[in-house]
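Asker: All chains should be built: construct the whole structure from the sequences, respecting the hints.
The numbering of the sequence shown is the working numbering, which starts it at 1459 and goes up by one.
It cannot be assumed that every hint is accurate.
Cut-off 25 Å, straight-line C-alpha distance, at most; resulting in silico cross-link-like pairs (DSS-like, lysine-lysine) [as the list claims (entries may be wrong)]:
| hint | residue 1 | residue 2 |
| --- | --- | --- |
| 1 | Lys1524 | Lys1467 |
| 2 | Lys1468 | Lys1479 |
| 3 | Lys1536 | Lys1627 |
Label-pair distances were calculated between CB atoms; the ranges are [what the hints assert, rightly or not]:
| hint | residue 1 | residue 2 | range |
| --- | --- | --- | --- |
| 4 | Val1624 | Lys1554 | 13 to 21 Å |
| 5 | Phe1529 | Glu1655 | 19 to 27 Å |
| 6 | Ala1598 | Ala1495 | 41 to 49 Å |
| 7 | Arg1663 | Lys1478 | 23 to 31 Å |
| 8 | Asp1667 | Thr1692 | 18 to 26 Å |
In case anyone wonders, no lab produced these hints; they're calculated from the structure.
All C-beta atoms, glycine included, are put in the ideal place defined by N, C-alpha and C.
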Amino acid sequence: MLFDLNQVKKNRRRAEKLGKKNFLLHVACKNLEGRVAELGLSLGDVMVLSAKEIDFTELGRELIIKYSDYFNHGLIKKKVDLILNILNLHWSNDPKKDLSNQMDLLKPGGIFMGCLFGADTLNELRDSFFKAELQISGKARPRISPLPEIRDIGNLAQNVGMKRVVADKETITLEYKTVIELLNNLREMGETNSVLERNKVFSRRDVFDLMEKYYYKNYPYDITDKNNNGIRATFEIIYLYGEK
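Answerer: So, in structure tokens, the structure goes:
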């Protein structure tokens, strides 16, 4: 096992309590909402995993949608025409099994559409932590989850028997004034480190300070209105389409 799923759930619950707007979740939901509309299909039963009614305002006007927690979808027995899986598969300890189980929830000819974070996500933060820890302690612990390449997702879909598979990706670069602002945003999204081998204590101050220096030096952007430098952060979202 790679991920501590209890920690993932805890992070998600904490993010919900914080109640901050999740910009990337909003982007992903709107993207998938548009793709469903483009299908022009008459759909009966639709299931959304790990998003809420407020995230699919347009789609909800036309379809009856059941919303479910990603971790509890195994309790669902009724077959559906469409599954929308929102930013979850990158936390799976067994992606093939999880995706196969979700395919089992589809009616014959049903459609799976989902999205997850890809390999380029937070590459700046990953690189900065790696260099800082390597310089100070001579070894680096996992700080950012290992994330899949788009070809891995396409292969996974075909391995579980999906037909007419289409995988594509979107790269979004966000700008932050400070590294702390980025880390707080990850907490608000419920996407903080949940790797089993993660360091479960706070980062050493010298490691964190050096990480910040590397980040500001190597991945800056200009905050023109305040005449100083902030940082940029990359998020890669992989989208997957497949039919049963």
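Asker: Which hints, by number, does the structure contradict?
Answerer: 3
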